[in-house]
Every structure is written in C-alpha cells, then in structure tokens.
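Enquirer: Each chain, letter by letter, is given below.
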Amino acid sequence: MLAAIKNLYDYRELMAALAWRNMAVRYKQAYLGLAWAVLKPLMLVLIFSLVRSFVGIDSGDIPYPILTFAALMPWIFFQEAASEGVSSVVGNANLIRKIYFPREILPLASVVTKLVELGINFLILAGLMVYYHMSPTIYLLWVPLIIAYTILAVLCISMVGAAMNVYYRDVATALPVAFSLLMYASPVIYPLTLVKEKLLVNQAAGEWSNFLYTIYTLNPLAGIIDAFQHVVLRGTPPDISSMWPGMVLIIILLPISYVIFKRAESYFADVI
Amino acid sequence: MAIIEVNHVTKEYRLGALHGFKQTVHNTLARLRGHPVPERPLFKALDDVDFKVEEGEVLGIIGHNGAGKSTLLKMLANISVPTRGNVKVHGKVAPLIEVGAGLVGDLAGRENIYLNGAILGIPKTEIKRKFDEIVSFAELEEFIDTPIKRYSSGMKVRLGFAIATSADADILIVDEVLAVGDLAFQRKCFDRMEDMIKRQGKTVLLVSHNIRQVERLCTRVLMLDRGKIAEDGAPNIVCNKFLEQNNIKIKALHDRNVATSQIPSQEITLVGTDLLDDEGNITDKVKFLDPCRIRIALNVLKPLNNVTFYIGIHTTDFVYLTANNTAYHPVDLPTGRHEIELRLNSMTLLPGVYCFFLWVGTPEGRTSFREENISCFQVISSDYAISRQRDRAVTYIPGQWKLPGETRFIES
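From first to last, the protein sequence lines stand for chains D and X. Note that my numbering numbers the first sequence so that position 35 is 35, with each residue one more than the last. Take any residue in the second sequence, count from 1 to its spot, add 1000: that is its number in my numbering.
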C-alpha cells in the first residue's frame, strides 16, 4: 500500500501533466473555455428550479437554487471524474501501447482534472452565498475531507470500470445510463431531509423503513451531498448517520477495485 | 552483472477476436456444467527466448516481420508481461519505441515538450534545462508556439525524437526510429545515437530492418525467427545469415511467380529448368565465385531450323546482368524434347537472388521463345564482407591490389 503511494508520488509530475493536458485539450479551441465547467451546473440549477415550481420540493429554510447547486457540485465532480476515469485507459491507448508508467495514473489524472473544475465552481458557490446573504462557518474545514472521501468513491468505480472497459467497451457506453439513474437515487434534485422524513419520521414503508433508509444511504453520494450541504450551507457538522453505510461499502469496494485494476493492468497493452 | 536478463520468456497471444456477450455467457455456462469449451488458438509471439545483455553492450535485434522483435522490446520496456519466464532490467529505460507517442495535436510544440517529457519520466527541471537544446535539435525554433496539428509529419517526428533522446536513461530501447525524417535529419539522429553509444557508454537495444545500420552500431546481434532466437553473435556473422535468409524469402516469392508468368508459345514450351553444381547435382544455391550449370528442357512443337539460344541472368527487378548466346552455332530442332546446358565458370555476382532468362530464335532476330524469370537461384557467401556489398553493387570482378609500402600485388 505504502509502496503504491510512493510510486504514485514519483509520478506526480506525469499526473499533473496529464491532468493539465486533459484541461488544455478540452478548452483550447472552445470559445467559452473554462466557463463550460460552470455553465453545466448553472443550467441544471435553472432546469431543476423550473421543475420544482411544478412539483414542489420542500427545501426547508435554504433557498432551493443554492441547495441544488451545492448538491450538483459534488455530484458532477463524482460523475464526470468517474466516467472520464473509466474511459481514460482506452482513451490513452497510444500511450499504453508504447510507454510504461503505472496505469492508475490515468484515472487519477481524470480526478485531478475534475478537481480543478470543482474549484472553479466554488467561486460560483461563494457568489451565490453572497447573493443569498449566507456566511461561511468554521465547519467549512470539513470540505477537503468530504472531497477526499468523494475521490475514494470515484476511484471505486473508475479503476474497475477502466480495467473492464479495456476488455468490454460496453462499460463506457452503459455508464451514462447508470449515472443518470444514480442521480435520481441521490439527493440532488431533492434534499436528503425529505427522504429522512418520509422513512425515519413518518415510517412510510412500515417496518421496512429503517432498512430502506440504510439501503438508500448505501449510495455514498447520499452521504456526500448531504454532508456538503451541511458544512457549507447549514453551518453544521456532517450527519454521520447518513454516511456510514456508504463508507463501509467504499472500504470494502476500493481495495477490490484496485486489485482488479492492478491484475488487469499488465495485459492492457495486449488487449487494448 | 548483466543489466538486462531475459529468462526463458514466452509470450502467447490468443488469435481471433474477443467473444461477444452471447458466446461468453454460453461458454461460461458450458464450463460450469463441466463441458469443454473451444479455446481460441494460441499464437506464440516469443518462444523461450533467453539472453543477457551486459552494461555498455549495443545489441541489435533483427528478424523478418512478425519475428517477435517488437514484442520483445515491449517486455523489456515493461509495457507487456511475458506469459512464462521473466525479464529483469536493472536501470532506467528510455523507450524510443515509437517516437512521438503521446504528442497532442491541439497543444503547441512548447507544451508538448513538457508533456511528452513527463510521459517519458523526465523531471520538469531537466526539461527546462534542456529545452533550448531540444528545440534547436528539432529545428523548430520558428514553430515552437504553433499547435503541432499544423506541423508536417517530419516536424512531429523530429520533435518526438529530440524529446525522447534527451531522457537520461541507462538503457535505450530503439525501434526503427532512425527510418524517419529526411536524409539530413536521419544523419543527425544517427550521429546522436552514435554519440550516446560510443561516448556516453549507454546500453542500447536497437531494432532495425536496416542491416547496415545494425552492423555499424552494434557490438552483438540477435536474430529472431518466429519467436525464437535463431542466431546470437558477432554482427558480421549474424547479419550475413540474415541477408541469406532474406534472399531465401525473396527467392520463394519469385519461385511462386515463375509458375504464373509463363506465356504460352506456339513453337516451344518450357519443360523444366535445373540449376546444377559442377558435380551435376541439382541445387538452388551457388557459392560466390564457384562454377555452376543451368540445364533447360524444351518441348519443340514445330520443327525449327537455324535457331540459336540466349541465356541471361537478371535481378529480381529485371535489370539484365549477363548474356551468353550461341549466335555462331545455329542448330536445327525437330519436334520433340530437347535439352540444353550452359556452364558458367565463376559466379561473380554478389550474394543475392537472381533469375534466368531464356530466348530462342534465329540469328536474324525472329523469336520462337522468350521468357524471363524461368528459374531463380541464390548466390551465397559465408563472408559478410562480400554479402554486405550487395546493396551497393551487383557484381564483382576479381582483382589484385598494390598497397602503399608493398611491392607486389595482393588478392583483394
């Protein structure tokens, strides 16, 4: 484990260079450039707000637009870093076939790329907070930890996905479908408090309610999005009770994903 | 201690495509039920390859297409792993397997230098230090801030080569890179390679189809044939074997053509051609400077009067080299089978593949039969000093030299 991390440290320059390349290639000949990173969540906020005006989603004492924006930030980071990570190995086939480097650099570089875009979105978030007269609290210090946890969730998917994608390209094709389903299963459009209220307070599913809630929070994104909204908007510490099932899942899946990736790695050049 | 150890390496690939989903499910079910599943056949790209390279050695790897050269280099560069056996490399490897792998079209030359440097594992500080040198070597001062998708292919290759060779590695793995760019740049690359080898004492593995280059740069040459080491030894001996094998291949290719390129004649058909050594044994190889005989059997369909024969030798690309004729000895040929034989006193053609040509007709020029490529043969020599001349010359004239300080002529 330590050796693996040291090895990655030795290749940090490559990781940075590849992440920078990903950014440069995407935005070089685009007129709007980096603004795209911001436009996507803003558009979604706009659409969600419009939908909400029909169906009515209770956002509590926090204005709905900033609540969804704070949900979309970790969600888009997760979704894009994971899907880019899954296609990263196949997308760099020319490098895989010619040059040696630890292959996990590729999904990691995708994460770094998306981190930069996430950073840009923080500026918008700050703008929105000023607009809605919200002030940051000391709990903002949780943000790096939450992001680190999100990165682990991303790697769970992107490493095993990238390895499988080398053998079966179906993976990268199926992923967008899976992600759009996962988005509805995550508290992006609606806040987690609604789910909690339905299941834990009203016991909407009878004796199955508590169990269903645990299943729901098995999705790490549920805990991540909720925690993010807590520390940034509500000024309260993260709610661990909604996070632990997802954490357990990741602690189990991450080593498996890593081992599968490492096992498949040596055959990438032959199969790709 | 050996800097590279290749221990009984075998690499197998499965032939054919990956199974589709249906087939995979079907096979999995069959396997679960204990039924045998048809395996895709294996292809051995490398078969029990075993050798060591000492530090400072310059090893050339030659072989026909598909002999396993590139597969071997991939193992050494850690891009692919052997099916069996193992590879140990003690030192940093700079793979020049395909220069320019990882260049990104949308980025400028300058940005690509940093990116490609990082991909090749060159620290950023070092790239900064060597930046000007890279640019000037690639002769791209003017274009360094232009996106490289606007570069010509030569410019891209120059940039790739300049970056790749600035890596500070103990072992250089070079695959055919010198075969790129215009002649002037090839010269420059060659000089740079030679400098790295001769003055910096690096260990180099060089794969090339340019035998002359291999012979000049390498201290040892390995010849691969269908995944096995066919020869391993001094450059001149191995290169000679390779040229000979190469000629066998060319000959085989031409022999196939012979059967198909016959043009039917109304008067004479060719029955058979045999090449004989001086003892009269059928052969298809002639030793350089040895005598040989060609025997041709003909079937005459109409009686012919006053005909002469002309047997010549041409190269595989139809450059006519020799001509022997019987212009002063016309003969009459009744219908039926006839044999003619020509003895050549000394095969002064340089080692390579040649073909015979036959013409039959009257001294006035009326043609009864004319056929190129009637039989191919190979000239061989165990002396590489002779074999290597073939790409400059086709024939040899025996001669003697008088050198400075000598009073008598010596054999060349």
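If you are wondering where the hints come from, they were derived from the structure by calculation, not from laboratory data. C-beta atoms are modelled at their ideal positions from N, C-alpha and C, and glycine is treated no differently. Among these hints, one or two may not hold up.
[As the list claims (entries may be wrong)] Simulated restraints, written as ranges between beta carbons of each label pair:
no.: 1; chain 1: D; residue 1: Tyr131; chain 2: X; residue 2: Glu1142; range: 29 to 37 Å
no.: 2; chain 1: X; residue 1: Leu1015; chain 2: D; residue 2: Tyr168; range: 15 to 23 Å
no.: 3; chain 1: X; residue 1: Lys1124; chain 2: D; residue 2: Leu249; range: 50 to 58 Å
no.: 4; chain 1: D; residue 1: Ser49; chain 2: X; residue 2: Arg1031; range: 50 to 58 Å
no.: 5; chain 1: D; residue 1: Lys28; chain 2: X; residue 2: Leu1253; range: 45 to 53 Å
[Unchecked claim] As a list, the in silico DSS-like pairs of lysine-lysine whose alpha-carbon atoms are at most 30 Å apart:
no.: 6; chain 1: X; residue 1: Lys1251; chain 2: X; residue 2: Lys1285
no.: 7; chain 1: X; residue 1: Lys1052; chain 2: X; residue 2: Lys1241
no.: 8; chain 1: X; residue 1: Lys1188; chain 2: D; residue 2: Lys28
no.: 9; chain 1: X; residue 1: Lys1198; chain 2: X; residue 2: Lys1044
no.: 10; chain 1: X; residue 1: Lys1149; chain 2: X; residue 2: Lys1124
no.: 11; chain 1: X; residue 1: Lys1249; chain 2: X; residue 2: Lys1198
no.: 12; chain 1: X; residue 1: Lys1044; chain 2: X; residue 2: Lys1088
no.: 13; chain 1: X; residue 1: Lys1092; chain 2: X; residue 2: Lys1251
no.: 14; chain 1: X; residue 1: Lys1228; chain 2: X; residue 2: Lys1188
no.: 15; chain 1: X; residue 1: Lys1285; chain 2: D; residue 2: Lys262
no.: 16; chain 1: X; residue 1: Lys1228; chain 2: X; residue 2: Lys1249
no.: 17; chain 1: X; residue 1: Lys1130; chain 2: X; residue 2: Lys1241
no.: 18; chain 1: X; residue 1: Lys1092; chain 2: D; residue 2: Lys6
no.: 19; chain 1: X; residue 1: Lys1088; chain 2: D; residue 2: Lys262
no.: 20; chain 1: X; residue 1: Lys1124; chain 2: X; residue 2: Lys1092
no.: 21; chain 1: D; residue 1: Lys28; chain 2: X; residue 2: Lys1251
no.: 22; chain 1: X; residue 1: Lys1044; chain 2: X; residue 2: Lys1092
no.: 23; chain 1: X; residue 1: Lys1128; chain 2: X; residue 2: Lys1022
no.: 24; chain 1: X; residue 1: Lys1092; chain 2: X; residue 2: Lys1249
no.: 25; chain 1: X; residue 1: Lys1124; chain 2: D; residue 2: Lys262
no.: 26; chain 1: X; residue 1: Lys1241; chain 2: D; residue 2: Lys262
no.: 27; chain 1: X; residue 1: Lys1249; chain 2: D; residue 2: Lys6
no.: 28; chain 1: X; residue 1: Lys1088; chain 2: D; residue 2: Lys28
no.: 29; chain 1: D; residue 1: Lys40; chain 2: X; residue 2: Lys1130
no.: 30; chain 1: X; residue 1: Lys1287; chain 2: X; residue 2: Lys1251
no.: 31; chain 1: D; residue 1: Lys6; chain 2: X; residue 2: Lys1130
no.: 32; chain 1: D; residue 1: Lys196; chain 2: D; residue 2: Lys40
no.: 33; chain 1: X; residue 1: Lys1251; chain 2: X; residue 2: Lys1044
no.: 34; chain 1: X; residue 1: Lys1124; chain 2: X; residue 2: Lys1088
no.: 35; chain 1: X; residue 1: Lys1241; chain 2: X; residue 2: Lys1251
no.: 36; chain 1: D; residue 1: Lys262; chain 2: X; residue 2: Lys1092
no.: 37; chain 1: X; residue 1: Lys1287; chain 2: X; residue 2: Lys1228
no.: 38; chain 1: X; residue 1: Lys1130; chain 2: D; residue 2: Lys28
no.: 39; chain 1: D; residue 1: Lys6; chain 2: X; residue 2: Lys1228
no.: 40; chain 1: D; residue 1: Lys262; chain 2: X; residue 2: Lys1198
Enquirer: Lys1124(X) and Lys1092(X): Cα distance at most 30 Å?
Expert: 17 Å, holds
Enquirer: Given the hinted pair Lys1228(X) and Lys1188(X), is their Cα-Cα distance within 30 Å?
Expert: Since the Cα atoms of Lys1228(X) and Lys1188(X) sit roughly 33 Å apart, the hinted pair is violated (cutoff 30 Å).
Enquirer: For the pair supplied as a hint, Lys1128(X) and Lys1022(X), is the alpha-carbon distance within the 30 Å limit?
Expert: Not OK: Lys1128(X) and Lys1022(X) at ~53 Å, beyond 30 Å, violated.
Enquirer: Is the straight-line distance between the alpha-carbon of Lys1088(X) and that of Lys28(D) 30 Å or less?
Expert: 42 Å, violated
Enquirer: Between the alpha carbons of Lys1287(X) and Lys1228(X), is the straight-line distance 30 Å or under?
Expert: Given that 30 Å is the threshold and the Cα spacing comes to 28 Å, the pair holds.
Enquirer: Quick one, are Lys1124(X) and Lys1088(X) close enough, alpha carbons at most 30 Å?
Expert: 28 Å, holds
Enquirer: Can the restraint linking Lys1241(X) and Lys262(D) be considered satisfied, given a maximum Cα separation of 30 Å?
Expert: 42 Å, violated
Enquirer: Under the criterion that the straight-line Cα-Cα distance not exceed 30 Å, is the pair Lys6(D), Lys1228(X) satisfied?
Expert: Outside the cut-off at roughly 38 Å; violated.
Enquirer: When you check the alpha-carbon spacing of Lys1285(X) and Lys262(D), does it fall within 30 Å?
Expert: 54 Å, violated
Enquirer: Would you check the hint for Lys1092(X) and Lys6(D), treating anything up to 30 Å between C-alpha atoms as holding?
Expert: 17 Å, holds
Enquirer: When you check the alpha-carbon spacing of Lys1088(X) and Lys262(D), does it fall within 30 Å?
Expert: 19 Å, holds
Enquirer: Range hint 15 to 23 Å: satisfied by the CB atoms of Leu1015(X) and Tyr168(D)?
Expert: Between Leu1015(X) and Tyr168(D), where Cβ atoms are some 19 Å apart, the hint holds.
The structure does not agree with the numbered hints 1, 3, 8, 9, 11, 13, 14, 15, 17, 21, 23, 24, 26, 27, 28, 29, 39, 40 stated previously, though it agrees with the rest.
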